[in-house]
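K.L.:
Based on the hints, put chain Y in the right spot on chain A.
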Amino acid sequence: MSVGVLSPEFDYRTQCEPVRARFAKLRSREVALSVEGLGKVFRAPDGREVVALKGIDLDTHRREFLCVVGPSGCGKSTFVRILAGLETASSGIVRVGGVPVSGPGADRGMVFQGYTLFPWLSVLRNVAFGLEENGTPRREAEREARQWLALIGLESFAGSYPHQLSGGMKQRVAIARALATRPRILLMDEPFSALDTQSRARMQAYLIEIWKKIDITIVFITHDLDEAVYLADRILVLKAHPGEVAELIEVPVPRPRSHDQMLGPEFRATRARLDALIHPPKEESEDDPVTPSLVTRMAPAGDEVE
Amino acid sequence: MTADPAHSAARAHLLPSAGEGSPRSGSDEGIAALSGEVAIPSPASLSKAPSPAEGGGLAAPAKARRRSWIGVAKPLSPRRRITLTVLSFLLPILAWSAVSYLPFLWHPLVEVSDPGDVAWMQPGMRLPKAAFAEEVASAEAAKSAPPVGRAANPVYLPAPHEVAAAFWTSLTAQPTQRDAIRLPLSLWHSIQIIFWGFLISSIVGVPLGILCGAQPTLARITEPVIEFVRYMPAPAFGALMVAILGIYDGPKIAIIVIGTFFQQVLVIANTTRRIDPLLIEAALTLGARNLRLIRRVIVPAMLPQLYRDQRILLGWAWTYLIVAELIGTSSGITFFITQQARYQHFENVYAAILIIGLVGSLTDIALAMLGRRLFPYDRSER
Numbered sequence: 001m002s003v004g005v006l007s008p009e010f011d012y013r014t015q016c017e018p019v020r021a022r023f024a025k026l027r028s029r030e031v032a033l034s035v036e037g038l039g040k041v042f043r044a045p046d047g048r049e050v051v052a053l054k055g056i057d058l059d060t061h062r063r064e065f066l067c068v069v070g071p072s073g074c075g076k077s078t079f080v081r082i083l084a085g086l087e088t089a090s091s092g093i094v095r096v097g098g099v100p101v102s103g104p105g106a107d108r109g110m111v112f113q114g115y116t117l118f119p120w121l122s123v124l125r126n127v128a129f130g131l132e133e134n135g136t137p138r139r140e141a142e143r144e145a146r147q148w149l150a151l152i153g154l155e156s157f158a159g160s161y162p163h164q165l166s167g168g169m170k171q172r173v174a175i176a177r178a179l180a181t182r183p184r185i186l187l188m189d190e191p192f193s194a195l196d197t198q199s200r201a202r203m204q205a206y207l208i209e210i211w212k213k214i215d216i217t218i219v220f221i222t223h224d225l226d227e228a229v230y231l232a233d234r235i236l237v238l239k240a241h242p243g244e245v246a247e248l249i250e251v252p253v254p255r256p257r258s259h260d261q262m263l264g265p266e267f268r269a270t271r272a273r274l275d276a277l278i279h280p281p282k283e284e285s286e287d288d289p290v291t292p293s294l295v296t297r298m299a300p301a302g303d304e305v306e
Numbered sequence: 001m002t003a004d005p006a007h008s009a010a011r012a013h014l015l016p017s018a019g020e021g022s023p024r025s026g027s028d029e030g031i032a033a034l035s036g037e038v039a040i041p042s043p044a045s046l047s048k049a050p051s052p053a054e055g056g057g058l059a060a061p062a063k064a065r066r067r068s069w070i071g072v073a074k075p076l077s078p079r080r081r082i083t084l085t086v087l088s089f090l091l092p093i094l095a096w097s098a099v100s101y102l103p104f105l106w107h108p109l110v111e112v113s114d115p116g117d118v119a120w121m122q123p124g125m126r127l128p129k130a131a132f133a134e135e136v137a138s139a140e141a142a143k144s145a146p147p148v149g150r151a152a153n154p155v156y157l158p159a160p161h162e163v164a165a166a167f168w169t170s171l172t173a174q175p176t177q178r179d180a181i182r183l184p185l186s187l188w189h190s191i192q193i194i195f196w197g198f199l200i201s202s203i204v205g206v207p208l209g210i211l212c213g214a215q216p217t218l219a220r221i222t223e224p225v226i227e228f229v230r231y232m233p234a235p236a237f238g239a240l241m242v243a244i245l246g247i248y249d250g251p252k253i254a255i256i257v258i259g260t261f262f263q264q265v266l267v268i269a270n271t272t273r274r275i276d277p278l279l280i281e282a283a284l285t286l287g288a289r290n291l292r293l294i295r296r297v298i299v300p301a302m303l304p305q306l307y308r309d310q311r312i313l314l315g316w317a318w319t320y321l322i323v324a325e326l327i328g329t330s331s332g333i334t335f336f337i338t339q340q341a342r343y344q345h346f347e348n349v350y351a352a353i354l355i356i357g358l359v360g361s362l363t364d365i366a367l368a369m370l371g372r373r374l375f376p377y378d379r380s381e382r
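Just so you know, the sequences run in chain order A and Y.
The numbers in our numbering rise by one with no breaks, and the one at position 19 of the first sequence is 19.
The numbers in our numbering rise by one with no breaks, and the one at position 192 of the second sequence is 192.
Bound conformation, chain A alone:
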């Protein structure tokens, strides 16, 4: 915490020249995904209407890396599921490359939080699945799938089955499978949250490498704020009840990114801003009291643990 003296001085909106240039370049690219007045209302089992998302507007440019964060219950999963076409919006419109979305489609790939590789198919056939579904003959699909496996460095596991892979490998294959159909947008719903800290850091680096090599726009849902700052060009912060846009943050951390930047002023300032947006200090003390309560003592005195 000794470095903490830096962050109050640094404004997260300050951008150095390369970062500013990068955002200018991003904005000059065409819009890949546009969301207009998106809203979602659920009907709870008891008949009440619950507003999950309300009036979300967003334009994402081609090859942008967008992270979506928010407190639990802010509807970020619902948001990405609507983008994927797995759920329908109650209001508003989602356009991919100018075309309104009306269901799942090959222009949007998706990587899920859980492991969704098909356990009865080999790794190779998992990656080839989407290609085959979109009309590529099996032989050609498998040839292409092999190239994707090479890209993620898992060629030697082509014949293995998902249950033989580690969690990180499974998610890498899932990424390759989602990318194989050449979507414009890759939607990722907390894809690394089931992994341990080390493999998560490695997967983040992998993802950046893949993203650099492929013409793809990524929308990445996470609840890990460090992950969001490390990965994103911009971070869409949602607030809960109802799920509305709290802020759209342009991350000032220059690229290429590395985990070492986490101690830098840009990173820490952005992180502090996210913390302030997602965990307002007032609410925390009310919702989640950690102060010792009047608990009956059942240990002898003089036997203290701290």
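Please keep in mind that the hints were generated in silico from the structure rather than gathered at the bench.
This one's a predicted model, so the numbers in the text were calculated from it and none came from an experiment.
The beta carbon of each residue, even a glycine, is placed where N, CA and C say it ideally should be.
Hints may be right or wrong, so weigh each one.
Computed Cβ-Cβ distance ranges for the label pairs, DEER-style [to be verified]:
#, chain 1, residue 1, chain 2, residue 2, range
1, A, 139, Y, 203, 26 to 34 Å
2, A, 113, Y, 80, 53 to 61 Å
3, A, 103, Y, 79, 35 to 43 Å
According to the in silico footprint, chain A covers these stretches of chain Y (three or more CB under 8 Å from chain A) [to be verified]:
#, stretch
4, 154 to 166
5, 270 to 281
6, 300 to 314
P.N.:
Same frame as chain A, now just chain Y:
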């Protein structure tokens, strides 16, 4: 299998001890509010800080270490498994042998070997012990030759060796009576009835079940009525089926179809609904649609469970067989059983029932082994 003793001791340590002899028993000072730092020092903590391993003065009485026989099941060692499996068959056989071979155990009857001078008795006849003793007493009183016999069980409980012999001869020997039917032939007939009944049911029931599981509208328009029909006992349709399909194999197959089909649709629809929805969503985002989605994702995802369902349903089909074969002209293994029972050849009846059990369980074991081959990725049945 047992609770970790250190763990349970530690837990006991946390509980306020109520055992007699404890320095804190009977005093409400034992439980003190944390707010005022008024925890009562126990003698142990005054003298020295008690290490968790000792815990002596505070540990609950020894009865807290009771062993639990029920818990999360752990696999048995292979040796133990085999021993227990053998025992599970051996114990009933031993009980049966004991009842059969130890005359003092049950044997409520006397089997006459020599009627003596009692006019109405015949060799091989079985009568209650009391009645036999009466005849012996009256014969002795009349100074005529008393009947001779030995203790026996009722005719419906043959000894294991008699059933074993019947089992062997019914499989190998030619029948002694001309009109008698041979067991292998009748069994083969029954197997064919099962096969056709189960096949017809599955051809319609499996696809319908999968469609119902995958499509809520279809499920809602079919499942309520299927649920209703399911409660009608299949044999109740017997007379109707005879009227429609004649008296031979038709109605028997129909009973098996009726008994299996409705359960099958519901069971398989439920299995379909239990597929991980993420797999289906992943397939949707990859472009799979409708029938291809069913063929390439839903069916493979449920196949191991579908296979298990079918094995259980096949067992049900066997239970409907016996009733089905009594409908119209009696046939198959049921005809064999009823015919042999009429002749009081109960050893043959047991042999036939055993064969049904044997065929059923051998089929199931074979299917289970095949299943492990077919679905190497299925981890739920290991």
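K.L.:
Indicate, hint by hint, whether the structure satisfies it.
P.N.:
Here is what the structure says about each hint:
{"no.": "1", "hint": "A:139 - Y:203: 26 to 34 Å", "result": "holds (33 Å)"}
{"no.": "2", "hint": "A:113 - Y:80: 53 to 61 Å", "result": "violated (41 Å)"}
{"no.": "3", "hint": "A:103 - Y:79: 35 to 43 Å", "result": "violated (57 Å)"}
{"no.": "4", "hint": "154 to 166", "result": "violated (count 0)"}
{"no.": "5", "hint": "270 to 281", "result": "holds (count 4)"}
{"no.": "6", "hint": "300 to 314", "result": "holds (count 3)"}
Comparing the model with each earlier hint shows violations of hints 2, 3, 4; every other hint is respected.
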